[in-house]
Amino acid sequence: MRHDVPDAERRGRESSAKHIDDHLGAPVEITVTVNGTAHTHDVEPRTLLVQYIREHVGLTGTNIGCDTSSCGACSLHMNGEAVKSCTVLAVQADGADIRTIEGMADADGTLHPMQQAFMENHGLQCGYCTPGMVMAATSLLDENPNPTEDEVRIGLEGNLCRCTGYHNIVKSVLAAASANA
Amino acid sequence: MTITEDPTTDTDTGVIGSRLLRKEDPVLLTGEAVFTNDMLVPGALHMAVLRSPYARAKILAIDTTAAAAMAGVRAVYTGADLADLWAAPMPCAWPVTEDMLNPPHHPIAIDTANYVGDGVAVVLADSDAIAHDAIEAIDVTYDPLEAVTDLEDALSDRALVHPELGTNSSYTWNLLVEENDGAVQQAFDDAAYTVSERYVQQRLIPMAMEPRAVVAVPQPFGGDLTLYTSTQIPHILKVMIAVTLGVAEHQLRVVAPAVGGGFGAKLDVYAEELLCVALARKHGGPVRWNETRSENSVASIQGRGQIQHVELAADSGGKLTAVRVRLTADMGAYLQLLTPGIPILGAFLYAGVYDLPKAYDFSCTGVFTTLTPTDAYRGAGRPEATYAIERSMDALAREVGVDPLELRRRNFIQPEQFPYEACTGLVYDSGDHDKAATIAADLIDYDDVRGRQTTQNVEGSTKRLGLGVSTYFEMCGLAPSRVLASLNYSAGGWEAATVRILPTAKVQVVTGTSPHGQGHETAWSMIVADKLGIDPADVDVLHSDTAIAPLGMDTYGSRSLPVGGVAVGMACDKVIEKAKQIAAHQMEANVDDLEFVDGEFRVAGTPARSTPLAAIAFAAFTAHDLPDGLEPNLEAQVTYDPPNFSWPFGTHMCLVEVDTETGDVEVLQYVAVDDCGNRVNPMIVEGQVHGGVIQGLAQALYEGADYDTDGNLRTSTLADYLVPAASDVPSITVGHSVTPSPTNSLGVKGVGEAGTIGSVPAVMNAIVDALSGLGIRDVAMPASPNTVWTAIASAPSTINPGGTE
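Chains as they are written, first to last, in our numbering: chain A, 1 to 181; chain B, 1 to 805.
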């Protein structure tokens, strides 16, 4: 029963402020290349890569959808592979080459073929999962340029979408694959 | 599996009906879109909320000393500290009965916490991280009280959620329609067949991918305040904040920036919105708050949560003669904005698409529990109603001994009966159920599947095929204001639109709808393009900011197109009428002789004499030569109150294979045939259907807010709460028919919720169909492998689910 818990919880909380101070640690300097530009910042060791990208580098296209590394909204490319940037500490990305959704389209405004495929196949509605979905899908095609529908579905299982029912996302990725072929 | 294209396409008569790609997409695809949490607000204090770990507890003491002493913490407040800030309790806009009980609900609990997640203290700090660190340092002494988590237990009043009310029942709402006194009972007495069913609608967590976020920016010396919030309802929220906080409404501006999905969960007035506004005013600076996913599960509303008792009476041919419904609906701990009205929205749909005589008896009791409040979730009362009637129709088909589709056909309201006055008094605008059902049956190859079932579902088979059918009517396009008045709803159901033709003939549309994924910018542009004979790229749609679009009733209830989109079309007509007067003046022609074709005014019968709209727009701007008495500029505003709901309908069919050894359900094929009248953009319509179907399928197979008996939510993260991934769901075969609505000028009906309404019963009927040979008549939702396996293991039939007999 929960009723036994409060005393223990209270005892725990008396020292919690000090506990946090003790464990934060001193800021650490990191240098990360994001979309081709090197950034150097001091970060708290506990800073997540997604927080670093959003709050320090100032690129907010990478979204946060959960706190258990379940939804994939924060997917980006780290050294060429899709990662959930909430499962990586910023300090672990020191020296890494990061590509975010902001780095996908060409400077002249031409969308990346995966972005274009999502647009043409109505692979997005509210658009919140979309940056992560595009990054994961691009990485999927890097590994498997000509996937079956099942392989696309399994390959994207770490990225959740609530709007599309995935039908048109899968269609988009298959279309991007055929456009590449 | 294959991705199946829509087998039919709309006739291309113009922009409307075409698959125009969405204007919304480039900013969303590139990270350029600004969601509330993306906003850079210098000097903002970050708020974090300490939430009760108990489902019900007296708050004996709160020690904020340690938290307040932390570096970067600017303030710590308890409910008692802030009690004076609330001019009124949190609003419930739908007192469904005169005697409905509605306990006072404040943004922060003052002396009792009533659900896990109820806020008990807040911190303002220099960063989000510091604010969250600080709430960990607040020491609350609770006296835990008994939780009330079971709906039927709550109804018994054994333990009270709000002792001061003396009962857990908030209200009982009745709708009894009888040709003559006792007609319902008489029908049951005389019935050749009756069924009596009990279904449980498990609580669902809406889980829009964007958790909520709020930024309140005051202008202390200017007196104004702007609230940026991830909401579906900036307009309603503005009124409610004014009422709840006693803030002058004209000094409030509410903006919904890019919003990452809502599904009803952002159709509410939330504690954190009120707190940010109140604290921003108190501190004279911006205050912001970001909801974590775990918070979202308990601090945003949940959906469904009903126990349904449904009884059908039928004659010897299986024709319905009476329907009786008894609902117990879980309100949760408090009444949020529309909580009590949600099950009532379903009250009109328990006879489904069937021709029922005046013998309908509906009653719903709303009950308090010590759980997160419920409110609208995609479909809001209507999926529940459709589930109950469609599951019951399958039960009746088994009683009568006819095929479920045949039983439905015997009961369909026939096309010639429309407009059809239902026994509830509402008028169904148009429909052709047999047509939709026939298209669906063809797409899934109905007779062939029935044949395969005979071969496959033999004794000892461990892979059983099930075919589920559901048909539905959706009551949407909320709503005629007078009907809302009769339901005691506290607002109207109109929508506003302004169409403004700029001097260079580009067009601004101002809409009161507030899209968050539905593609209004594209669809409204298409309506305007067709009306004005211009390129949709020349139209900009402004929305979701009360300073730019001051009038509106926002987006929910599949209302945006049949109310808001129709208003846009009407505003175009009004603008054309004004332009025509200027054109007639300048062309020295009679207004009545002018026609507006392909973007220009022509003298009827003399097409050579024409003036383009662009020329009139510039003339209206310069105002050098206008007819006497006519105001300059080309702009028209319309507020449209719909004369009726719109009634989309359809038939969904689902083919499943159930593994009796593991309880696993595989969806082999899903067919959705939806008729939403004229389709403005079939691509967007199909996208709405896809998403809705999977959300309904998720209720059937995967999702459920799972509480323990102490009221702790065991599924508060996306690791525990099974929002399906791409690998968990099938592709969808989409078909459609077009039966225009006669009640609006575009002939359109809503479509946002249709998929969710049709799919839950289709999937569950398929599972029960697969297992009916084993004597199984019901499987609880979500039909997880364990639940299905357990149902098989305890089935009356002698099968051994382990397959080792």
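Hint data in this document are derived by calculation from the structure and do not stem from the laboratory.
A few of these clues could be false.
[Stated by the list, open to error] Sample of chain A residues with no beta-carbon within 10 Å of chain B, all distances over it, derived:
no., residue
1, Thr37
2, Thr40
3, Pro45
4, Gly58
5, Gly65
6, Met78
7, Val88
8, Asp94
9, Gln125
10, Pro131
11, Asp142
12, Ile169
[As the list claims (entries may be wrong)] Cβ-Cβ distance ranges computed for the label pairs, FRET-style:
no., chain 1, residue 1, chain 2, residue 2, range
13, B, Arg450, A, Arg46, 58 to 68 Å
14, A, Arg46, B, Thr65, 21 to 31 Å
15, A, Thr37, B, Phe221, 19 to 29 Å
16, A, Gly58, B, His283, 22 to 32 Å
17, B, Ala547, A, Thr37, 29 to 39 Å
Here the structure is a predicted model, which is why all the values come from computation and not from measurement.
Cβ atoms here follow ideal geometry from the backbone N, Cα and C, with glycine treated the same way.
Going down the list of hints, with the structure as the test:
no.: 1; hint: Thr37; in the structure: holds (15 Å)
no.: 2; hint: Thr40; in the structure: holds (20 Å)
no.: 3; hint: Pro45; in the structure: holds (12 Å)
no.: 4; hint: Gly58; in the structure: violated (8 Å)
no.: 5; hint: Gly65; in the structure: violated (5 Å)
no.: 6; hint: Met78; in the structure: holds (16 Å)
no.: 7; hint: Val88; in the structure: holds (17 Å)
no.: 8; hint: Asp94; in the structure: holds (20 Å)
no.: 9; hint: Gln125; in the structure: violated (4 Å)
no.: 10; hint: Pro131; in the structure: violated (5 Å)
no.: 11; hint: Asp142; in the structure: holds (18 Å)
no.: 12; hint: Ile169; in the structure: violated (7 Å)
no.: 13; hint: B:Arg450 / A:Arg46: 58 to 68 Å; in the structure: holds (60 Å)
no.: 14; hint: A:Arg46 / B:Thr65: 21 to 31 Å; in the structure: holds (25 Å)
no.: 15; hint: A:Thr37 / B:Phe221: 19 to 29 Å; in the structure: violated (39 Å)
no.: 16; hint: A:Gly58 / B:His283: 22 to 32 Å; in the structure: holds (25 Å)
no.: 17; hint: B:Ala547 / A:Thr37: 29 to 39 Å; in the structure: holds (36 Å)
Hints 4, 5, 9, 10, 12 and 15 from the earlier list are contradicted by this structure; the remaining hints agree with it.
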